[in-house]
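**Student:** Going down the list, the sequences are from chains A and B. Everything in the first sequence is counted per the numbering used here, starting at 1 for the first residue and increasing by one. Everything in the second sequence is counted per the numbering used here, starting at 1 for the first residue and increasing by one.
By construction, these hints were calculated from the structure, which means they are not laboratory data. Incorrect hints may have been included.
Cβ pair distances, simulated, as ranges [said to hold, decoys possible]:
1) 87/B <-> 362/A: 57 to 67 angstroms
2) 273/A <-> 301/B: 11 to 21 angstroms
3) 160/A <-> 93/B: 34 to 44 angstroms
4) 178/A <-> 362/B: 50 to 60 angstroms
5) 311/B <-> 164/A: 37 to 47 angstroms
6) 242/B <-> 226/A: 25 to 35 angstroms
7) 273/A <-> 271/B: 28 to 38 angstroms
8) 1/A <-> 248/B: 53 to 63 angstroms
9) 52/A <-> 272/B: 35 to 45 angstroms
A virtual CB, placed ideally from N, CA and C, is assigned to each residue, including glycine.
Protein chains: 2
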Amino acid sequence: MISVVGLGKAGLPLAAVIADSGLKVIGVDVDEEKCRMINNGVNPIPEEKGLDDLIRKHGGKNLIATPNYEDARDCTAFIIIVPLFVDENYNPDFRILESALRSVGKILKRGDLVVVETTLPPMTTETLVRRWLEEESGLKLGEFYLAYSPERIMTGYSISRLREFPKVIGGVDEKSGKIAYELYRKFIPNLHLVSNARTAEFIKVIEGCYRDVNVALANELFKIAEDMGVDFYEARKYANHEYCHIHEPSTGVGGHCIPVYPWFLIKLAERKGRFSDAKLLRTAREINDEMVKYWADKIVLACMKVNKPLSEVKICIRGITFREGVKEIYHSRNLALAKLLKDKGLKIYVYDDLFTLEEVERLGFKWIEPEEADVVFDSFKLKITHNDGSLKY
Amino acid sequence: MISVVGLGKAGLPLAAVIADSGLKVIGVDVDEEKCRMINNGVNPIPEEKGLDDLIRKHGGKNLIATPNYEDARDCTAFIIIVPLFVDENYNPDFRILESALRSVGKILKRGDLVVVETTLPPMTTETLVRRWLEEESGLKLGEFYLAYSPERIMTGYSISRLREFPKVIGGVDEKSGKIAYELYRKFIPNLHLVSNARTAEFIKVIEGCYRDVNVALANELFKIAEDMGVDFYEARKYANHEYCHIHEPSTGVGGHCIPVYPWFLIKLAERKGRFSDAKLLRTAREINDEMVKYWADKIVLACMKVNKPLSEVKICIRGITFREGVKEIYHSRNLALAKLLKDKGLKIYVYDDLFTLEEVERLGFKWIEPEEADVVFDSFKLKITHNDGSLKY
């Protein structure tokens, strides 16, 4: 019997896939209402393709959800897949993770296996995670097993990712790696055992770094192209081929993952006083985070063409989520752009197909139909339009 | 009849492919011996796959090589594909290009077409190239046509690149673009007309920027991995998939192309006093160029394990070309590494399968069989080995 701790966007699809492989799963989550839904066969994350079927089939049967760690006492494997946030200085805030691991530590038995899936700064599993478990369980590593396997989900496609995408797993020691690999093979078809937990942690973080640096490159090249009157999208289309993968420009990089992971490595270098060790990652972060200033300037320039005092021009930011089509605003640079313009004293409104007027107001913004604004900025197409229909970009 | 000016590694394959399409080609090159070989059906670039056949078939027939621009007087189209170097401050040195274009200008007739293939800082074709041609020919743009189509060759694979790889072309004005496109279609199967010459120039430069930034990312992540005891190659293998393309680490980036192109955009930003506009490109250049220092330090550390005074330890740099398997040392970072260590007063030797003892000595280095050195650094595998066979990396 396997326990999955954390039934969020990453944890629930994993729990459902494990249950579907024939194994019995006890899912632990603080959200009691969510647990009830799952046990009644109702999927609390309907936007996740294929999850409805799995929850209907296994919820309350092979997959039991509970807010109590005690109910997972008979499990022999614990998979931890809870969120990790960073604080305002970009240092990881381990509180949720520590609490989950200490709770697991309390019910951990000799011979049990713990696998962490939350994306972590490399070396966290072998240090902090191990310590929390040892302290609470009174056991030593070797009496229990500890491994790391990063989740590689993508909101909306998590089930197919689990079933098709390559997944890696690595142990804090050799035996932990082997035991974890043998278990995961039962429900992950495309699984690879790597040298150790640290390597598995590093793999996940550098994927995010690749994305962040390449979005920064796209943003830098976009600005240069604009400056010289070249259509960046046309250039990108023909520059890209088998060996060239220039990304799309944007208002920056949002969400829980990509803007956070580079900081894991940047902070590591900084703590050693070797600031230049991660200077590309740091420059990429700066470029992406500063894109809101670039777009704010462009929008203000567009407003100057409206025959009204600047403070009277109604500006609509269309699209406030961090990614198109996903109702998530964590670290959203589109919202940051709206806030930046609002703080300048401009008349800012927002619009998003996925949000109601009430939801927009709860975020502290005014809602508007794009047609009623003087200037509309489409956050995803990066187009500024005047209300007379003329296009700035 | 078409003239191809410059019969080097990029120009000769192009001239041969044009001749093979049935068009008559006059190739112009300063190297008289090379011209004689071509006219006798002998390929002067034997490492270029498929070129032997084409030169044997067309040399002296459909493809006539000559050192005299006068012999190309009856041509109606001129393709310029000569080298462009940068000076010690990374500013482009236009002398070869200017000389070729002024020579073409002197024989240019009303209605003729000029296409530049040399990689250029964006906007060069519409400004400098146009001016040189107008000054020498006495014609105005519109009386002749001017376009740009960047070469995308890769040493050894240029023929297949020309026949399969997408190629773009753009005119300085609309009519130039159309005329150039219609001509190039006769010998380039995968051809795309883009908005203008500037866009075509930009496309080529950003491909190089993508490579340079991604090699810098690989180098930065490699150093971080080494520092935390993670095998970077293992991590890279599993991090890469459909959406992640982390490159290979190296001693830096050499050759005529990739280390040069980012400077075109960096210099453009600097001339405008907007230094941060290209800060990612600049940081990437720094990281790649500073890799020789990183490797020099590692090699010195390895030498300290040899039971001899440091100044007596025989160090062999194995592999001095800028790319593995290509006998080219332009901007070679491996040679730069050897020089850096030599300048420190260490006993540096070099070895390369592609170079004889005499060739090595002509470069100012001492030659050695790797087995006779105390410490060997393999420039491409990035491995440091002691003469007792023990591996440092």
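**Student:** Each of the hints needs a verdict: does it hold here or not?
**Tutor:** Here is what the structure says about each hint:
no.: 1; hint: 87/B <-> 362/A: 57 to 67 angstroms; in the structure: holds, 59 angstroms
no.: 2; hint: 273/A <-> 301/B: 11 to 21 angstroms; in the structure: holds, 20 angstroms
no.: 3; hint: 160/A <-> 93/B: 34 to 44 angstroms; in the structure: violated, 53 angstroms
no.: 4; hint: 178/A <-> 362/B: 50 to 60 angstroms; in the structure: holds, 55 angstroms
no.: 5; hint: 311/B <-> 164/A: 37 to 47 angstroms; in the structure: violated, 57 angstroms
no.: 6; hint: 242/B <-> 226/A: 25 to 35 angstroms; in the structure: holds, 29 angstroms
no.: 7; hint: 273/A <-> 271/B: 28 to 38 angstroms; in the structure: holds, 35 angstroms
no.: 8; hint: 1/A <-> 248/B: 53 to 63 angstroms; in the structure: violated, 44 angstroms
no.: 9; hint: 52/A <-> 272/B: 35 to 45 angstroms; in the structure: violated, 55 angstroms
Figure legend: structure checked against the earlier numbered hints; hints not met, in rising order: 3, 5, 8, 9.
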